[in-house]
Each structure stands twice: as C-alpha cells, then as structure tokens.
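Novice: Here is what each chain is made of, one letter per residue.
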Amino acid sequence: MVENVKELLKAHEGLKREVYLDIENSSIVPKEVIDAMLPYYYKRAYGNPTLTHKPGWEAFETIMESKQKIAKFLGCKTLEEVNFTPGETEANNLALMGTAFAMKDKGKKIVISEIEPISVLHVTEMLQKYGFNTTKIPVDSEGFTNLEKLSEAVDKETILVSLSAVNSEIGTVQPVKEALNIVKDKNSETLFHSDASDTYGKTAFNLQDLTVDLATVSSYKILGPRGIGALYVKEGVNVEKILEGQIGTQKLWPGVENTPLIVGFAKASELAFRNFEKNVNCMLRLRDKLIDGIIESISDVRLNGPKGDKRAPDNVNISFLRCEGEALTIELSLNGVYVSSGSACTRRILQPSHVLVAIGRKYDEAHGSILMKVTRYHTDEDINYVLEVIPNAVKRIRGITGSTGVE
Amino acid sequence: MSRIPLPYNPKVLDLFRNPKNLGKMEDATVIAVAGNPLCGDMITFYLKISNQDVIEKASFESYGCAANIATSSIVTEMIKGMKLEDAWKISWKSVTEAVGGLPSIKFHCGILAVGALKRAIRKYYKNKDVSPEWLEEELSFEEKQALEEEELAKMISKRLKTEEEK
Numbered sequence: 004m005v006e007n008v009k010e011l012l013k014a015h016e017g018l019k020r021e022v023y024l025d026i027e028n029s030s031i032v033p034k035e036v037i038d039a040m041l042p043y044y045y046k047r048a049y050g051n052p053t054l055t056h057k058p059g060w061e062a063f064e065t066i067m068e069s070k071q072k073i074a075k076f077l078g079c080k081t082l083e084e085v086n087f088t089p090g091e092t093e094a095n096n097l098a099l100m101g102t103a104f105a106m107k108d109k110g111k112k113i114v115i116s117e118i119e120p121i122s123v124l125h126v127t128e129m130l131q132k133y134g135f136n137t138t139k140i141p142v143d144s145e146g147f148t149n150l151e152k153l154s155e156a157v158d159k160e161t162i163l164v165s166l167s168a169v170n171s172e173i174g175t176v177q178p179v180k181e182a183l184n185i186v187k188d189k190n191s192e193t194l195f196h197s198d199a200s201d202t203y204g205k206t207a208f209n210l211q212d213l214t215v216d217l218a219t220v221s222s223y224k225i226l227g228p229r230g231i232g233a234l235y236v237k238e239g240v241n242v243e244k245i246l247e248g249q250i251g252t253q254k255l256w257p258g259v260e261n262t263p264l265i266v267g268f269a270k271a272s273e274l275a276f277r278n279f280e281k282n283v284n285c286m287l288r289l290r291d292k293l294i295d296g297i298i299e300s301i302s303d304v305r306l307n308g309p310k311g312d313k314r315a316p317d318n319v320n321i322s323f324l325r326c327e328g329e330a331l332t333i334e335l336s337l338n339g340v341y342v343s344s345g346s347a348c349t350r351r352i353l354q355p356s357h358v359l360v361a362i363g364r365k366y367d368e369a370h371g372s373i374l375m376k377v378t379r380y381h382t383d384e385d386i387n388y389v390l391e392v393i394p395n396a397v398k399r400i401r402g403i404t405g406s407t408g409v410e
Numbered sequence: 720m721s722r723i724p725l726p727y728n729p730k731v732l733d734l735f736r737n738p739k740n741l742g743k744m745e746d747a748t749v750i751a752v753a754g755n756p757l758c759g760d761m762i763t764f765y766l767k768i769s770n771q772d773v774i775e776k777a778s779f780e781s782y783g784c785a786a787n788i789a790t791s792s793i794v795t796e797m798i799k800g801m802k803l804e805d806a807w808k809i810s811w812k813s814v815t816e817a818v819g820g821l822p823s824i825k826f827h828c829g830i831l832a833v834g835a836l837k838r839a840i841r842k843y844y845k846n847k848d849v850s851p852e853w854l855e856e857e858l859s860f861e862e863k864q865a866l867e868e869e870e871l872a873k874m875i876s877k878r879l880k881t882e883e884e885k
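The listed protein sequences derive, respectively, from chains A and B.
The first sequence begins at 4 in the working numbering and counts up one residue at a time.
The second sequence begins at 720 in the working numbering and counts up one residue at a time.
These are calculated hints, taken from the structure and not from any lab test.
You may find that some hints are simply not true.
[What the hints assert, rightly or not] For lysine-lysine, the following DSBU-like pairs were computed, each having C-alpha atoms within a straight-line distance of at most 30 Å:
id, chain 1, residue 1, chain 2, residue 2
1, A, K9, B, K802
2, A, K398, B, K799
3, A, K398, B, K743
4, A, K13, B, K873
5, B, K730, A, K19
6, A, K19, B, K802
7, A, K365, B, K880
8, B, K743, A, K365
9, B, K873, A, K139
10, B, K776, A, K398
11, B, K880, B, K845
[Stated by the list, open to error] Pair ranges (Cβ atoms, derived):
id, chain 1, residue 1, chain 2, residue 2, range
12, B, N737, A, E243, 56 to 64 Å
13, B, N737, A, L246, 27 to 35 Å
14, B, F860, A, D38, 42 to 50 Å
15, B, M801, A, N149, 51 to 59 Å
16, B, D848, A, E299, 47 to 55 Å
17, B, G820, A, G402, 45 to 53 Å
18, B, L879, A, E299, 27 to 35 Å
19, A, L246, B, E796, 52 to 60 Å
For every residue, glycine included, the Cβ atom is placed at its ideal position computed from N, Cα and C.
Just need the whole structure built from these sequences, with the hints factored in.
Specialist: Okay, here's the thing in structure tokens:
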C-alpha cells in the first residue's frame with residue numbers, strides 16, 4: 004500500500020508550482036511558529052507543569068503566559084476560562100457531552116443547526132443513546148440558520164444550543180449574536196456553545212461582545228500546529244469533564260500539558276492578530292479573485308454559501324457540475340493544486356457533505372464540490388496559477404464524463 | 720471505520736491520466752449504462768459488435784472517481800476482439816486484478832463496470848431477439864449490484880423530493 008503511495012508521489016515530480024488550499028483539513032505551519040515552539044522541546048520548560056522542579060515551574064510559567072495571550076485575543080475575563088484540548092474535535096466533544104452530563108437533571112434537549120460540524124453532530128447522535136434528544140434547525144440556501152425556527156425550538160427543557168459562528172465548509176457567517184439573544188430570551192438557563200474555529204483570527208470575534216457560554220477554537224485553523232485547540236468556558240458555567248486521568252493544571256482536561264504546542268498556538272494567534280485588518284483584507288481579495296476567476300472562466304459552476312461580507316474571508320466552495328469530486332482532486336493534485344472535495348466514498352455510494360445537502364444542493368452537485376481556503380501567505384501568483392490549472396482540470400474530467408448522466 | 724488516502728496503484732493512475740477507448744461511439748451496435756450520478760458513479764459503454772457476435776470496438780464514458788474511470792477503461796481493453804460468450808465470463812474480480820488491485824472501498828467500481836458490460840451483452844441479444852444457451856436468464860452478480868445501486872439512487876432522490884415538499 005505504501006509502495007503505491009510512493010508511486011503516486013513520484014507522479015507529482017517536476018511540478019512548476021504547488022499551491023496548498025486545503026486549510027480545512029490541515030495547514031502549513033509558518034516557520035515563525037515552529038521557531039517559537041522548538042526551544043520548549045529541549046531547551047527549557049520541558050517539564051510537567053504540575054511538578055516542583057525548575058523545568059516544571061518553567062512549563063507552568065510558559066503555559067500561563069501563552070494562555071494569557073490567547074485569553075486576551077478571545078476577550079476572556081479569567082485565565083481559567085481557557086481549557087486546552089487536543090483540538091476542535093475534542094473541544095466540541097467536551098462542550099456537548101460536558102454540559103449534557105452537568106445539566107442532565109434540568110432537561111434533555113439539545114438544539115443545533117443542520118450544518119454543525121461532525122464533531123458536534125455525531126456527539127448529539129451519541130447522546131441520544133443516553134436519553135438526550137436533539138432538534139436540528141434548518142438553514143436557508145446560503146446556510147443561514149432559521150432564527151424563527153430556533154426561537155420555536157428553545158423551551159424550558161433545552162439545556163444547550165450549539166451554533167457555529169462560521170460554517171467551516173461554506174463560510175456562512177451566522178447571526179450568532181441575534182441567535183444568542185433569542186435563546187436567552189426564551190430560556191435564560193439554556194447554555195449557548197459556538198464552534199468559533201473558523202472565526203477566531205479571521206473575523207471580528209470577541210467574547211466581551213459575543214457573550215456565549217462556551218466557544219471552541221482550534222490552532223491549525225489559524226496556521227498553528229495541529230493537536231491543540233481550546234474550549235472557552237465562561238466563569239460560573241458548570242461543565243463536567245469527559246475524560247479521567249492524572250489531573251494537570253486544568254480542571255476539564257486531564258493529562259500532561261503539551262507546552263510546545265500551546266506556545267505554537269499562542270504564536271499563531273499573535274501572527275493572525277498582528278496586522279489583523281491587513282491579513283483579512285489580503286484573504287478577502289484573494290478569495291474573491293479565486294471565486295470570480297472560476298465563475299468567469301468555467302460554465303456550470305455553483306458557489307456554495309453566501310457572497311460578500313457574510314462569507315468568511317478565506318472560504319471558497321464551488322460545485323462543478325458533471326465533474327466528480329475525487330477525480331477532480333486527483334487531477335488538480337497532479338498539477339500541484341491541493342484541495343478537498345465535499346463528498347467522501349465511505350461506502351458503496353458516495354456520501355455528500357451534510358452541509359451541502361442542508362442548503363439544498365442535489366447529490367450530484369455536492370459530489371462535484373471543491374473546498375479551498377486562502378491564507379495571508381498566498382500570493383497573487385498562487386491564485387493566478389490555480390486559475391490556470393482548474394479550468395483545464397475541469398475540462399479533462401468533464402471530457403471523461405461526456406454525456407454520462409446528462410438527462 | 721477509518722479513512723485512508725486511497726493508495727491507487729500506478730496502473731490505475733495511468734488509466735486515469737490516459738484512459739484508453741474514451742468517448743462516445745457514433746456507430747455503436749449497443750449502448751448500456753450502469754450506476755447513477757447521485758451515487759457518485761455512472762458508466763456508459765458503447766460496443767460495436769459484428770454479425771459473428773464478436774466485439775469489434777468498445778469505448779466508454781464515465782462519471783466517477785479514478786477507480787471508476789480505470790476499471791471502465793480496462794474493460795473496454797479486455798473485451799476488444801472477444802466473442803460475446805467469452806466477454807460474458809469476465810468477472811469483477813478479473814477486472815480488479817487487471818488494474819493491479821483496488822482499495823476494498825472501490826471494489827464496487829469494478830463491479831459496476833462489469834455490470835454495464837453484461838447489460839450491454841444482454842441488450843444486444845434482446846434487440847436481436849435471440850437467446851443463446853449460455854446467457855442465463857437470472858441476472859449476474861454484477862448486474863444485480865448495479866441494479867441495487869440504482870435503486871438506492873431512486874430512494875435518495877425520492878427522499879430529497881419529499882424533503883423539498885416539506
């Protein structure tokens with residue numbers, strides 16, 4: 004199997020340019036971040052932060068200082084509100100399960116939107132086995148949550164509402180503030196969680212302004228290292244831990260803190276927020292250049308998600324009709340453009356993304372969808388290259404499709 | 720369940736990059752399709768068959784992944800010059816072998832390709848109103864699987880329609 008992969012890699016030799024746009028699934032970590040992390044593996048603060056020796060105290064100091072930076076960017080009141088986890092998946096699991104366990108005597112109802120990430124969606128399905136029930140709020144054709152339906156759904160049984168601030172697949176910037184007011188008006192005891200992984204470092208987002216009870220952030224989504232994220236838990240909100248083990252400096256997540264990753268997360272946050280407006284404007288410009296360029300040069304394409312201000316500055320998601328997604332990702336890869344498709348072959352039939360289905364895309368439209376995210380490190384030359392490669396790739400794959408499946 | 724990065728072998732990659740016998744055939748004797756775009760794969764086969772029941776030419780078009788394209792292409796290669804009776808004996812396993820193996824999650828691509836081929840053969844004899852002894856009335860494994868996939872697609876589109884009406 005590895006032999007085959009080696010051959011696949013060999014097929015990529017001699018590329019004149021490579022552009023990585025699959026930030027949704029993993030990111031390139033800038034050298035500045037790696038440089039900041041390295042000393043903490045071998046030079047200093049390599050100890051366990053709970054122990055009484057110099058490397059341990061150094062680790063404690065380092066973690067607290069990193070936490071302070073992230074807490075400031077998030078707008079937290081206290082450092083205890085930031086709970087490091089190994090990533091977005093774990094933070095969402097902690098948010099959902101942790102509040103369900105803590106609130107189980109107050110009610111059993113959880114309300115989410117139809118387009119929440121898998122790490123929210125699947126946890127609610129799992130919780131059904133333990134007597135909790137979930138109401139999914141529909142979204143419109145651009146992915147905006149139906150606030151009337153949300154208002155109807157929240158009742159005195161509702162313990163938690165989870166609504167992402169930005170949808171990671173189609174970039175919809177949700178009206179979280181309005182949603183929060185609606186939820187608290189209906190039931191002031193209902194907790195509100197928001198997965199902010201695609202908001203933090205990319206759009207104006209501050210917990211002083213958006214007073215949710217819980218929020219998830221992720222390091223790699225802002226070009227930090229993988230394997231680290233955090234769950235914000237507002238002071239006074241009761242969440243139960245979901246893993247057992249040796250307790251470290253954090254109440255909600257056991258195990259030895261990973262100091263270098265925490266330093267990397269803090270550094271990535273600093274870089275995202277340093278020249279924040281400039282960074283966002285760069286992403287916005289490249290995003291629109293990519294979207295407009297594709298729409299102008301290729302027929303039968305559909306932009307998934309909204310246009311303009313209500314779309315995340317980095318998100319491009321386009322369906323190419325009569326073009327199967329996996330074939331297209333391979334063709335693009337062979338030309339040095341790395342993207343992902345919205346459908347995954349998990350069984351005999353291709354499973355379309357639940358987000359694209361929820362916004363009303365037909366299965367064959369979803370199967371031809373490609374997700375790309377731009378960063379402040381991408382250049383105009385990168386996007387020009389992508390705009391040169393995509394039309395040819397789509398043309399070749401459509402050439403194989405021919406008239407198959409065309410009614 | 721886990722996800723692996725679909726380690727396609729060099730043969731599959733080559734057929735994906737340079738598919739043999741690609742495209743519509745204007746003078747085809749018989750055309751057969753299998754699969755449905757809703758399920759993510761669909762194949763059209765075009766066969767030119769002689770009066771002696773020999774496949775003179777075969778070509779394909781395919782909406783699907785790299786494995787779907789590669790298996791369709793290899794089937795058209797395998798059957799060229801073959802008598803229909805021999806082509807009928809081709810199984811999805813031999814097709815999978817011919818492309819150098821497939822990740823198990825992609826076995827259904829080879830099955831669908833053979834399903835389309837067997838449908839074409841059946842259709843040819845039906846058009847001629849002839850039923851050779853070797854052609855069993857009962858659907859072959861591959862034809863059944865193709866049918867099952869299409870039924871799934873019908874269910875999906877029915878479900879989507881009801882949701883739209885809601």
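Novice: The structure should be examined with respect to each hint, and the outcome stated for every one.
Specialist: Comparing the hints with the structure gives:
no., hint, verdict
1, A/K9 to B/K802, "violated (39 Å)"
2, A/K398 to B/K799, "holds (28 Å)"
3, A/K398 to B/K743, "holds (16 Å)"
4, A/K13 to B/K873, "violated (41 Å)"
5, B/K730 to A/K19, "holds (24 Å)"
6, A/K19 to B/K802, "violated (47 Å)"
7, A/K365 to B/K880, "holds (10 Å)"
8, B/K743 to A/K365, "holds (26 Å)"
9, B/K873 to A/K139, "holds (25 Å)"
10, B/K776 to A/K398, "holds (25 Å)"
11, B/K880 to B/K845, "violated (34 Å)"
12, B/N737 to A/E243: 56 to 64 Å, "holds (58 Å)"
13, B/N737 to A/L246: 27 to 35 Å, "violated (51 Å)"
14, B/F860 to A/D38: 42 to 50 Å, "violated (59 Å)"
15, B/M801 to A/N149: 51 to 59 Å, "holds (58 Å)"
16, B/D848 to A/E299: 47 to 55 Å, "holds (53 Å)"
17, B/G820 to A/G402: 45 to 53 Å, "violated (26 Å)"
18, B/L879 to A/E299: 27 to 35 Å, "holds (30 Å)"
19, A/L246 to B/E796: 52 to 60 Å, "holds (54 Å)"
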